[in-house]
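Enquirer: If you want the building blocks of each chain, they are given just below.
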Amino acid sequence: MTDARVIPIKAKDTKSNTRKKPAAKKAASKSASPSRRSGASRGSSGGSAAAQRAEEPEEQPTPKHDPLPGTEPEPVAWDRKVANALAFMRRRVTGDYEIDEFGYDRELTDMVLNAPLRPIYSRWFRVETRGLENIPDDGGALVVANHSGTIALDSLMTSVALLDHHPARRQLRMLGANLVFKTPVVGDFARKSGSTLACAPDAERLLNKGELVGVWPEGFKGVGKPFSERYKLQRFGRGGFVSAALRTKSPIIPCAIVGAEETYPILANAKTLARIMGIPYFPITPTFPLLGPLGLVPLPSKWIIEFGEPIYTDGYPDDAADDPMLVFNLTDQVRETIQQTLYKLLVQRRSVFM
Amino acid sequence: MPRVVLVTGVSRYLGGRMARILTEDPQISRVVGVDVVPPRMDIGGAEFVRADIRNPIISKVINAAEVDTVVHMGVIATPVQAGGRMSMKEINVIGTMQLLAACQKAPSVAKLIVKSSSSIYGAGPKDPAMFTEEMEPKHTPGSGWAKDSVEVEGYVRGFARRRPDVDVTTLRFANFLGPRVDTPMSSYFSLPVVPTPLGHDARLQFIHEDDGLEAIRRATVGDHPGMFNIAGDGVISLSQAARRAGRPTVPLPTSSAGIVGAMIRRMGLADFSPEQVRFLTYGRGIDTTRMRDIFGFEPQHTTPETFDSFVRGRQLNRLMPPERVEAAEEQLVSMLTGGGVSR
Chain A
1 MTDARVIPIK AKDTKSNTRK KPAAKKAASK SASPSRRSGA SRGSSGGSAA
51 AQRAEEPEEQ PTPKHDPLPG TEPEPVAWDR KVANALAFMR RRVTGDYEID
101 EFGYDRELTD MVLNAPLRPI YSRWFRVETR GLENIPDDGG ALVVANHSGT
151 IALDSLMTSV ALLDHHPARR QLRMLGANLV FKTPVVGDFA RKSGSTLACA
201 PDAERLLNKG ELVGVWPEGF KGVGKPFSER YKLQRFGRGG FVSAALRTKS
251 PIIPCAIVGA EETYPILANA KTLARIMGIP YFPITPTFPL LGPLGLVPLP
301 SKWIIEFGEP IYTDGYPDDA ADDPMLVFNL TDQVRETIQQ TLYKLLVQRR
351 SVFM
Chain B
355 MPRVVLVTGV SRYLGGRMAR ILTEDPQISR VVGVDVVPPR MDIGGAEFVR
405 ADIRNPIISK VINAAEVDTV VHMGVIATPV QAGGRMSMKE INVIGTMQLL
455 AACQKAPSVA KLIVKSSSSI YGAGPKDPAM FTEEMEPKHT PGSGWAKDSV
505 EVEGYVRGFA RRRPDVDVTT LRFANFLGPR VDTPMSSYFS LPVVPTPLGH
555 DARLQFIHED DGLEAIRRAT VGDHPGMFNI AGDGVISLSQ AARRAGRPTV
605 PLPTSSAGIV GAMIRRMGLA DFSPEQVRFL TYGRGIDTTR MRDIFGFEPQ
655 HTTPETFDSF VRGRQLNRLM PPERVEAAEE QLVSMLTGGG VSR
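Just so you know, the protein sequences line up as chains A and B, in that order. Numbering (the numbering used here) for the first sequence: 1 to 354. Numbering (the numbering used here) for the second sequence: 355 to 697.
Only chain A is shown next, with the shape it has when bound in the complex (with noise of 0.2 angstroms):
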């Protein structure tokens, strides 16, 4: 496919929609299941665009999770935030929860660590998001999108723009370089938001679990490149996701990011520094390392997300994984389909930080 769907966001809608979110958001971050978060925002938002698309999961649960204890379905009043905060500091320190496999901590994820990503998500680089249809509401799916921005905010992004502004409230598992899994705390937050290792059986683990899986084959690459070369996509790995999307019959869902190639502008890479300590670029931004932690501050440009149409892949042949042609084709078609929405995105751009 050449050209991707265009959904016309009204500036007024796009208002609405970064005011209003937020505070029905935060209100229902305290509380545990995905019923009473709908609830919460119905309460708080009053009838706004907003709230009649978070109504929407109330019908359609997300599938593979229950609710979580100790929650019932009314509306949220201070005393019961309290007594929910309570109950989850208990398990916490009780070490009552449950992790899956790959040691994703749902309620962990749920009510801390994406906390601090809501804000930025909404007021920083007012993310707005296209295609969201294209992402289905229940079985696997792979998400492969480009790579940018010195540091992974991007995937971080997708992740909020899909938990929740999806319907189904899809959680995003993400793989990640075996670097990210190496490194204290990093790794560690990685795991326990719901990302793995990059590999196969990994992959088709997930996909096979049905569950939404996030990729940036560009991988270290993508993120480390110049500010020079932005939005020219790098190399796509070795189409890894594509033999795993072929095994599990899982549609591929191409996604353009744009806006996070402005957030840290690489302007030299301090290679002799990365060999030093390890890592696989030391980006040099007009902010970094000369303001020090300031530098650290992304500039708020304004992102697009799109989801394009999703490319079918359960019409192959079993061993269809196998064909290394019909791999690098459709690795080619996968980045060729985001390469395109990236130009007519930035076309469609009125200004970076507008």
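It should be emphasised that the hints constitute simulated quantities derived from the structure, not laboratory data. Wrong hints could be hidden among the right ones.
Said to hold, decoys possible - Subject to a maximum C-alpha distance of 25 angstroms in a straight line, what follows is the list of computed BS3-like cross-link-like pairs (lysine-lysine): (1) A:K209 / B:K492; (2) B:K480 / A:K182; (3) A:K182 / B:K492; (4) B:K480 / A:K221.
Here the structure is a predicted model, which means the values were calculated and not measured.
Knowing the structure of chain A, use the given hints to seat chain B on it.
Expert: Chain B alone, transformed into the frame defined by chain A:
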């Protein structure tokens, strides 16, 4: 159907219990237990033969009793029990070599069951989330019990090649835990303060001692050649386990693990081989699909249940028992809300 069963490592807890369980099976006429020291616990109707599997005496035992099934449980994970790392390696590796050499020469032997360990998969950042039986380790274990297990499995493979008429079942167990069994993990979680790798939270899997023994029994009486991962359902993280045990943790940078590990080892509190530290840093998961579908075994205890039964069985002195935390929570809630909310 086995008639005469030889069980190695019978003087230790699991081996002794295994021998007793097998004597209760009416179809098995004779159970011979072998170990270097006499068993401290009751091994039921099993005969004990004091023999070192590290020397050729074992061959005479097998031939004299016309053993048809060998259950090899003589691979030791705790150097303290074996009397040091050197003798542990002797028992594990040389012992297995001798035992297999004897089995190869004995025409009566028709079945071999080996209690192996999931530690042969190693542990590291490049590991897939769950190891299936066909996967090769990404980080080959280089020390301790894990390395022994790799070598033991190597000899077992060699034996299976040379004696294709013998059915070999290799069971790769997740860490054993339960109310009574002594393992590196039980001594680790019994430490007054649990040192954990800073910034990492390993995924752990456990197998309950009763489930593990049932798996070995099943392999002994049935026909299930092949390799099987055996673990309880579910995983728990290291920090979660420590909280469930009510143990305070001290996160230490992994670079200091060597020094701290050596200190703890010297004090005889727990085993901390570098391999063990890697495991506690990166964790490991093993896939049990084959255990369910081909071996046909369903553990009675999940991983969290196994851990809880260990905590209860050891009566670990919890710093914050869940009942107290719950009481405190209820008090706080009623204080803040004037008793209006019932959870």
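Enquirer: All hints, please: hold or fail.
Expert: Each hint, compared with the structure:
| no. | hint | in the structure |
| --- | --- | --- |
| 1 | A:K209 / B:K492 | 24 angstroms, holds |
| 2 | B:K480 / A:K182 | 8 angstroms, holds |
| 3 | A:K182 / B:K492 | 14 angstroms, holds |
| 4 | B:K480 / A:K221 | 19 angstroms, holds |
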